[in-house]
Amino acid sequence: MATEILYFAWVREKIGTGAETLDLPAGLTSVGDLVAWLAGRSPGHAEAFADPARLRAAVDQTFVPLDAPLGRPREVAIFPPVTGG
Amino acid sequence: MIAVAVDPAPIDIGAEYAAIAVGGAGGIATFAGLVRADDGVEALTLEHYPGATEAALVALAEAAVARWDLTAARITHRVGRMVPGETVVFVATAARHRAAALEACAFLIDRLKTEAPFWKKETLAGTERWVEPRGSDDVAAARWNDAL
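Protein sequences appear in the order of chains Y and W.
Read in the numbering used here, the first sequence has 761 at position 25, and its numbers run on one by one without any break.
Read in the numbering used here, the second sequence has 919 at position 77, and its numbers run on one by one without any break.
Keep in mind that a hint or two might mislead.
Listed below are the simulated EDC-like cross-link pairs for lysine to aspartate or glutamate, each with C-alpha atoms no more than 20 Å apart in a straight line [stated by the list, open to error]:
| id | chain 1 | residue 1 | chain 2 | residue 2 |
| --- | --- | --- | --- | --- |
| 1 | W | Lys963 | Y | Glu740 |
| 2 | W | Lys963 | W | Asp911 |
| 3 | Y | Lys750 | W | Glu974 |
| 4 | W | Lys963 | W | Asp979 |
| 5 | Y | Lys750 | W | Glu884 |
| 6 | Y | Lys750 | Y | Asp787 |
| 7 | Y | Lys750 | W | Glu970 |
| 8 | W | Lys963 | W | Glu884 |
| 9 | Y | Lys750 | Y | Glu740 |
Using C-beta positions, here's what the derived DEER-type ranges look like [what the hints assert, rightly or not]:
| id | chain 1 | residue 1 | chain 2 | residue 2 | range |
| --- | --- | --- | --- | --- | --- |
| 10 | Y | Arg808 | W | Leu876 | 24 to 30 Å |
| 11 | W | Arg976 | Y | Glu756 | 29 to 35 Å |
| 12 | W | Asp849 | Y | Ala782 | 51 to 57 Å |
| 13 | W | Gly968 | Y | Gly752 | 19 to 25 Å |
The set of hints was computed from the structure by calculation and includes no laboratory data.
Fair warning: this is a prediction, and the values are worked out from it, not measured in the lab.
By construction, the Cβ of each residue, glycine as well, lies at the ideal position given by its N, Cα and C atoms.
Can you build the whole structure from these sequences, using the hints too?
Written out as structure tokens, the structure reads:
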């Protein structure tokens with residue numbers, strides 16, 4: 737099952753795209769596992785995900801910590817801490 | 843009763859106020875957040891997470907209505923590029939009495955800053971930089987965790 741991966745703000749800029757549709761490999765149990773796997777996709781991904789402490793995530797539009805279980809999501813978003821308002 | 847909007851168009855404060863000033867409230871509180879020209883900032887560009895942003899704003903408004911028994915709550919947030927002096931966000935709450943409206947308005951802007959998926963980028967002297975989150979915003983949001 738393909739998963740839509742979304743990136744925002746400087747994560748998006750470092751990776752060079754705001755979205756990619758990927759077939760996730762078996763064995764990714766947490767959101768952090770997904771981030772570590774994505775980091776191997778390109779130098780841009782590696783730079784964006786170099787410091788997981790600076791990352792936040794949402795699974796199927798629910799905000800979760802990086803140690804949350806990944807499950808079988810339709811959509812995962814990875815982004816910096818929010819700065820609206 | 844609850845209305846949220848995320849829109850690149852300039853926020854019309856008069857229209858926002860007129861929309862909440864109906865329905866028999868005894869008090870209305872409003873907050874407008876404006877672009878500051880700190881450090882010579884020339885422009886601010888707001889990015890968001892379409893769909894998730896609106897859902898987050900609705901969840902915040904619903905929480906405020908339930909906690910303070912509001913008669914209405916509105917959150918309007920601009921996205922895209924704007925310049926100093928322009929309105930980034932407008933929050934309005936209506937209640938039977940002032941304390942509920944004022945507290946709920948402060949709750950909404952404090953929590954919006956840490957829970958709604960928006961990101962600010964500043965343009966200054968021809969360069970761009972992403973705004974870093976501030977610890978003081980986390981403190982302001984956390985004060986609403988305690989029961990009143």
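Comparing the hints with the structure gives:
Using a Cα cut-off of 20 Å, the hinted pair lysine 963 of chain W and glutamate 740 of chain Y is violated, with the two alpha carbons roughly 25 Å apart. With a CA separation close to 36 Å, the supplied pair lysine 963 of chain W and aspartate 911 of chain W exceeds the 20 Å bound. The suggested pairing of lysine 750 of chain Y with glutamate 974 of chain W holds, with an alpha-carbon distance near 16 Å, which does not exceed 20 Å. Simply put, lysine 963 of chain W and aspartate 979 of chain W have alpha-carbon atoms about 17 Å apart, close enough for the 20 Å limit, and the pair holds.
Proximity of lysine 750 of chain Y to glutamate 884 of chain W is assessed by CA-CA distance (about 23 Å); at most 20 Å being required, the pair is judged violated. A C-alpha spacing of about 13 Å is found between lysine 750 of chain Y and aspartate 787 of chain Y, which places the hinted pair at or below 20 Å, so the restraint holds. Our distance criterion of 20 Å between C-alpha atoms is met by lysine 750 of chain Y and glutamate 970 of chain W, whose separation comes to about 14 Å. A C-alpha spacing of about 11 Å is found between lysine 963 of chain W and glutamate 884 of chain W, which places the hinted pair at or below 20 Å, so the restraint holds.
Note on lysine 750 of chain Y and glutamate 740 of chain Y: the hinted pairing holds, with a Cα-Cα distance of about 18 Å set against a maximum of 20 Å. The beta-carbon spacing between arginine 808 of chain Y and leucine 876 of chain W, approximately 44 Å, falls outside the hinted interval of 24 to 30 Å. A beta carbon spacing of about 31 Å between arginine 976 of chain W and glutamate 756 of chain Y agrees with the range 29 to 35 Å that was offered as a hint. Between aspartate 849 of chain W and alanine 782 of chain Y, the C-beta spacing of about 36 Å breaks the proposed range 51 to 57 Å.
With their beta carbons about 22 Å apart, glycine 968 of chain W and glycine 752 of chain Y fall inside the hinted range of 19 to 25 Å.
Violation of the numbered hints given earlier is confined to hints 1, 2, 5, 10 and 12; the remaining hints are satisfied by the structure.
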